[in-house]
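**Student:** Here is what each chain is made of, one letter per residue.
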Amino acid sequence: MKLHINGNEYDIDTPENTSLLDVLRIHLKLTGSKYGCGEGICGACRVLIDGHATASCITPVGSVQHKEVVTIEGLAKDGRLHPVQQAFLDEDAFQCAYCTSGMIISAVALTNKSPKPSRQEIIDAMQINICRCCAYPRIIEAISNV
Amino acid sequence: MDKLTMTTMENSIRYPEETPDRLRIATSSKVVTRRNFFRLLGGGIAVALSQSCVYGWSDAPPVSEQLAADENTIAAWIHIHEDGSVSVFTGKVEVGQNIRTSLAQVVAEELAVPIQHIALIMGDTSLTPYDAGTFGSRTTPYMGPQLRKAAASLREALLEKAAKALKVPATALRAEAGKIVDGSSGKTLAYGTLTRGEKLLIPINEAVTLTAAEQWTVAGTSIPKINGRDFVTGKHQYTSDMVLPDMVYGKILRPPAYGATLAAVDVTKAKAMPHVTVVQTADFIGVTAPDPQTAANALARIAAQWNTTPQPSKAELFAYLKDNARHGGGDEDDRQEARRLFEASTHRLEHRVEVQYIAHVPLEPRAAIAEWNDGQLTVWTGTQRPFGVQEELAGAFSLAKEQVRVIMPDTGSAYGGKHSGEAALEAARLAKVVGKPVKIVWTREEEFKWAYFRPAGLIEVAAALKDDGTIASWEFHNYNSGNAGIDLPYEAGVKHIRYHPSRTPLRQGSYRALAATANVFAIECMVDDLARLLQRDPLEFRLSQLTDVRMRGVLTAAADRFGWGGKKAPGHGFGIACGFVKNSYIATCAEVAYGQANGQLEVVRLVAAYDCGAIVNPKHLENQVLGAILQGLGGALFEAIDFKDGRILNPTLSTYRVPRFADIPPLDIVLIDQKDIPSAGAGETPIVGTAPAIRNAIADATGVRLHQLPLIPQGLKMN
Numbered sequence: 001m002k003l004h005i006n007g008n009e010y011d012i013d014t015p016e017n018t019s020l021l022d023v024l025r026i027h028l029k030l031t032g033s034k035y036g037c038g039e040g041i042c043g044a045c046r047v048l049i050d051g052h053a054t055a056s057c058i059t060p061v062g063s064v065q066h067k068e069v070v071t072i073e074g075l076a077k078d079g080r081l082h083p084v085q086q087a088f089l090d091e092d093a094f095q096c097a098y099c100t101s102g103m104i105i106s107a108v109a110l111t112n113k114s115p116k117p118s119r120q121e122i123i124d125a126m127q128i129n130i131c132r133c134c135a136y137p138r139i140i141e142a143i144s145n146v
Numbered sequence: 001m002d003k004l005t006m007t008t009m010e011n012s013i014r015y016p017e018e019t020p021d022r023l024r025i026a027t028s029s030k031v032v033t034r035r036n037f038f039r040l041l042g043g044g045i046a047v048a049l050s051q052s053c054v055y056g057w058s059d060a061p062p063v064s065e066q067l068a069a070d071e072n073t074i075a076a077w078i079h080i081h082e083d084g085s086v087s088v089f090t091g092k093v094e095v096g097q098n099i100r101t102s103l104a105q106v107v108a109e110e111l112a113v114p115i116q117h118i119a120l121i122m123g124d125t126s127l128t129p130y131d132a133g134t135f136g137s138r139t140t141p142y143m144g145p146q147l148r149k150a151a152a153s154l155r156e157a158l159l160e161k162a163a164k165a166l167k168v169p170a171t172a173l174r175a176e177a178g179k180i181v182d183g184s185s186g187k188t189l190a191y192g193t194l195t196r197g198e199k200l201l202i203p204i205n206e207a208v209t210l211t212a213a214e215q216w217t218v219a220g221t222s223i224p225k226i227n228g229r230d231f232v233t234g235k236h237q238y239t240s241d242m243v244l245p246d247m248v249y250g251k252i253l254r255p256p257a258y259g260a261t262l263a264a265v266d267v268t269k270a271k272a273m274p275h276v277t278v279v280q281t282a283d284f285i286g287v288t289a290p291d292p293q294t295a296a297n298a299l300a301r302i303a304a305q306w307n308t309t310p311q312p313s314k315a316e317l318f319a320y321l322k323d324n325a326r327h328g329g330g331d332e333d334d335r336q337e338a339r340r341l342f343e344a345s346t347h348r349l350e351h352r353v354e355v356q357y358i359a360h361v362p363l364e365p366r367a368a369i370a371e372w373n374d375g376q377l378t379v380w381t382g383t384q385r386p387f388g389v390q391e392e393l394a395g396a397f398s399l400a401k402e403q404v405r406v407i408m409p410d411t412g413s414a415y416g417g418k419h420s421g422e423a424a425l426e427a428a429r430l431a432k433v434v435g436k437p438v439k440i441v442w443t444r445e446e447e448f449k450w451a452y453f454r455p456a457g458l459i460e461v462a463a464a465l466k467d468d469g470t471i472a473s474w475e476f477h478n479y480n481s482g483n484a485g486i487d488l489p490y491e492a493g494v495k496h497i498r499y500h501p502s503r504t505p506l507r508q509g510s511y512r513a514l515a516a517t518a519n520v521f522a523i524e525c526m527v528d529d530l531a532r533l534l535q536r537d538p539l540e541f542r543l544s545q546l547t548d549v550r551m552r553g554v555l556t557a558a559a560d561r562f563g564w565g566g567k568k569a570p571g572h573g574f575g576i577a578c579g580f581v582k583n584s585y586i587a588t589c590a591e592v593a594y595g596q597a598n599g600q601l602e603v604v605r606l607v608a609a610y611d612c613g614a615i616v617n618p619k620h621l622e623n624q625v626l627g628a629i630l631q632g633l634g635g636a637l638f639e640a641i642d643f644k645d646g647r648i649l650n651p652t653l654s655t656y657r658v659p660r661f662a663d664i665p666p667l668d669i670v671l672i673d674q675k676d677i678p679s680a681g682a683g684e685t686p687i688v689g690t691a692p693a694i695r696n697a698i699a700d701a702t703g704v705r706l707h708q709l710p711l712i713p714q715g716l717k718m719n
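First to last, the protein sequences are chains G and B. Residues in the first sequence are numbered consecutively from 1, following the UniProt record's numbering. Residues in the second sequence are numbered consecutively from 1, following the UniProt record's numbering.
Hints were generated in silico from the structure; no laboratory data involved.
Calculated from the model, a selection of chain B residues having no Cβ within reach of chain G, i.e. all distances over 10 Å:
id: 1; residue: Ser85
id: 2; residue: Pro145
id: 3; residue: Lys164
id: 4; residue: Lys167
id: 5; residue: Glu206
id: 6; residue: Ala304
id: 7; residue: Glu392
id: 8; residue: Phe580
id: 9; residue: Gln674
id: 10; residue: Ala699
id: 11; residue: Gln714
Stretches of chain G that chain B covers, calculated by requiring three or more beta carbons in the stretch to come under 8 Å of a beta carbon on chain B:
id: 12; region: 28-35
id: 13; region: 40-47
Note that CB positions come from ideal geometry on N, CA and C, so glycine has one too.
Just chain B, same shape as in the assembly (with noise of 0.2 Å):
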């Protein structure tokens, strides 16, 4: 028996008033709209019959049978089961960012039931409302407030339900581990049996009573991965992992460089192996098979010729942003005083930084399964965007957006690298024609070489102090990294700055905290030479020129922490860099050593300070941090994309190296909970410190100054 429904008094409990039979909708027998469901219902509150059933992807019911309730109303968001189990529903995806833990902590602090009794259905463009994707920080700020909302308002609901039922007042009810108590009779109503499986569709109250974060009991708290156990055992299924039945595994032909055209290709060898099927259009080839590696020998005995185009190289790669890049626009006559500010000036540093394309390396890469039935089509895939891809994949069948249902598996990671479908195109065109399921996996190899990179970008900062030691001017163009992290934090004269789009050879997108990694080292590295410039302390000169206390504040802390100002042993130096990208802040410090006699460079240690408003759960939000920061590490020191005419020279785990186990400093992070400050998204920001901090430690420790990332590519070289 369900220790939720214990009392014998709940079971004879029934509402029939708020359940006439014109309001229920048998939503397994018949199509039903959104329209019509709610020109069926009319107006007002009302309790419709829904699914009883369990919503996770392998038990949903098809697209055809799909209820989506107005996202206005508690139901769109959560629904209490008849035993007490609760499903929360979100748009937004688990790339290992832990927002399943953290989502389900706020639905269970609002909602006052126990964490184990939440389950999250994620990322399902049929079951969940419309959401534009999981990126630029926005699931704490923006998710996290409106489940909170929507579970504070089911539990008013709630009460005033079981008002009703006790027929007592409900200020003299509790809501507490899924039941209403009665206080004073000692009474209780457990939530599934007051609201029987039936959809709630009232509406969110805007204005509701939420819990103040120093009010948290289960929010705010260190709550382990949710389903944890199933990743330590093997059991959960990513998408590479899913099968269907009757399904086949498919393979694609990939041209040997960007831009490449096909000029001949035969694929009768291919066509002649047994239980393969060859798929031909104008524009595409590839291949299915019962398994994998068939897949991949059939692919082999295609021949095909390509006409390939002369392409900019790696070595040619900033003259070129710079020549191919469109004005970034506004006034000009901030430039023109800013150059004059300059020119007249005796303090004054120019830099240009050069930032190379680096790859996101998802260990996950690209996967997809298709699955098409009576002209609808349903696709798992890992992406950032489900809605997108479902907007895709209708786009590119002629299909309505109700025909294509996007599912999005817990996934092997994005980091900003899978906002885009192309493994659930090719599975879904290559499943269209052969008439069975169709799994794609990319290799590593088409993982590098055909999704997208973090921008590369040209950075040109022209600054300039006045007599008592402030910033006069500071002029600062970025050419095609973005704009992300541009404005400058510190208080300066006249400011010029401007993002200049332009052509990219490669294929580039989203990364996480986009161009503020570039933004923000670039800024800080000017920095920090100004303060040198003066002969004053990197630290004390920031904090001179910075009025924003939360900057001050993680500054200081990391600086503390860190020892700022401390010995150092000799060949040793300490750096120091912070940054504000969307709505939290980030300081770090970095102690280096280079020994003269070997010419090693060692990153001794970091340590940083992080504020992103009230803190969700302080472990996982650790876990982000950390994990940012070390993955700084990477684009810090030696990530780079090398590539020539078209293709990408180091397209393996062997030739782009990413951090491993002996790349980890000692790393010391002091997380800052600012309980009265909403809580922001904390998945970027902390990355933006680690190479400015590091280039600094450099400069610090050999007078080197270096102005480009990654900064050591192939060992620390003095001038």
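Chain G on its own, in the form it takes in the complex (with noise of 0.2 Å):
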């Protein structure tokens, strides 16, 4: 089957039924979204599909096949981190960091829409998202910078 992801076109051979997630870290060696809970719960495997924050290990990848797949990997255009990667960067918002592809994730998926979250708005849209660590007021002061 076709995906396409990052800008990129791939050729997959795996059962429709395979997690995205797999294919992702498995196949295509495309390492940045993590497994953390396996029942899309704590947010450390969102990506974008169709712009929107997603649970990749509980996403069959036969039904991404027509839709435009980003991960963390594809955020970066030319060198340059998206702005929510910056803002992440420059308010440390992260100490272990497993969680923050996610976070960055759903992150993009929530400033795409709305650009300027009040705080109960990033807290509603990262509610899926667990930091372990707690770093939770430092990414609430992140979103509210970029």
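Grab the two chains, each in its own frame, and use the hints to assemble them into the complex.
**Tutor:** Written out as structure tokens, the structure reads:
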């Protein structure tokens, strides 16, 4: 099947029910998206599917064949970080940073929809994303600064 | 051209007298053990050729070619490459506490080298000096000074070398930005040119003068996370991301409950799958496959029957812990005296505090890659104790320690939960049989079921007051959870404090701040209730019983910032708590609101003051403090492991709740920078104030005095 990921076309030979996360990480070596819970409720594996932040661990790869997938690896353009990536870097909005890819993906989806989100909008949009190090205040600050 | 080597004269500098041929050993062509290395060198100051390659895990030479320098020498800790870049070696590991940054800062400070030129090699048993592990808030107070001494000694050695070369006294020179500068002539010598990549086997000067915190220019500042860009781009390779050529993925057959034994097993269907290998020994069954999904499918086709045994459940936990406790020992006279004073007092309280098992839930589960090569084992794994895992593996496979290399890439958190090497051992067992590198990544469910928990505990505390309001007697028994933070920071007449180890129904181990999360909770609940018994202000009562100026300092600072004693809205309550663990001090104030109509409890805001001595990196310290305080919300309010008959009943993130964005109240942190006090580690202590501050605020708002952790797993219930 053909996949569109980060502006590239890939031809993949896997069963359609393989998780998108496994295809990204194992088959395409795009390991920026992380496994955290396997049930779509920690946010570490989130990617953009047609602009929506979506848990790739519970998304069958067959369902994204005609959609545009963007992972953390696809956000920077020509060596320039996406403004959300830059904001996280500037704010040190991470500790172990294992959650960071998914956090940034959720925040990109949010700021595309709502460029200057309120604190409550940020909390609502990010509620699925767990930072076990609890850098939450820094992350809220980073998104507010985008 | 490297900007560090720009003067023309330095290229002509040579030090033949310091590099006689007999001292040169080509480490890439023969095996050099530590012993014969030093025999070759003889005593005294010597310089030997060493690897000029980068010391990163991917480029490092194989185990047999490692060259470990004596830990009393600079070379064991710091190496200057010919291009002026600096490698720093430490057995400590990075799990998000940002010591890769803070340790680079202290080296940059003492060595006078730009921090961008420093790369830390961490937690690699073949390249770094032995280290017991990254726990107990020990990196900043112990590894920090060790590296500072090595760096300062190196700076001294560089000044002396440059003095010889320039034929001026060392006192006329200064070290600056990776160069030795002669102030009078303006001549400069880059460090890389002075040492030409050679290994400096110069003893560390234990008495070397270190830069005082007041003079810090790099340490003490908020340097951003050193490799931060790799994390915001997804480039950083955690163990779970790494791939070796020809690598396969492993899965392990798990019992349905702790202590279950295999009655019968049929692996035929799994074995028949293409590209699948089943590894079966007396006590272990695992599979490997070219991808994780196939490995999981193969595991699912193994038919196993198990014998299980009845075991204690959560409902019986606290009776079980007390019934199975071993007596804490020691003199009993003070217990009888404390009891007598308690019975005689008219102002006295007795609490029974229950603390549940909780899980660390590191977002990156346990992961390991194991590779065998000519009988030597190399393992990459996320562990807080790479040298401990090395010993574990050597023991398991009857190898010498030198035949096992454990490498710890920067890992997706631990919180005390990754002291062990389960995934490493599993991967190594599979890899040995299949003859290929094997990667194991635990599922979230495996992480919940087969890692270990913060110990549960039962605490019994009895306290009595004298007529003058001071504490007459204090009797404190902790069953099972541990003795960290068990000492009473307040003045008291007779104290009897004991920890009684017990049998534990679940596997338990280290956790952020250990049992201080339980003991400080029990202490601070009791002290608060004593204050209320006397109708005294909880802050004023604490201050009246405390002599430690730093504890008084954090309490006062937190209370001032919080507005302690200010007006409260109806239904709102204020709570305060303080704690001292591992040489640092936390005080936390909480405001909660209780809605009588809906029964909802809300943590409205938190304010904390923290004192860990001289601050090395303010922003990262604040990250550690806010992270610990907010992680503490989970254990305070709702985290608890449910179990029955050796089965974990809530082994998923949909059934075990951890703090999320909506749980986070506004948080204000006061960091007290004590420049004349050595820096303590900050990863643990701040967690201990959260639960008691919130509990005391709930008592203030509602009159309900809770004595269990978590406080309100199902929401606040009124009596």
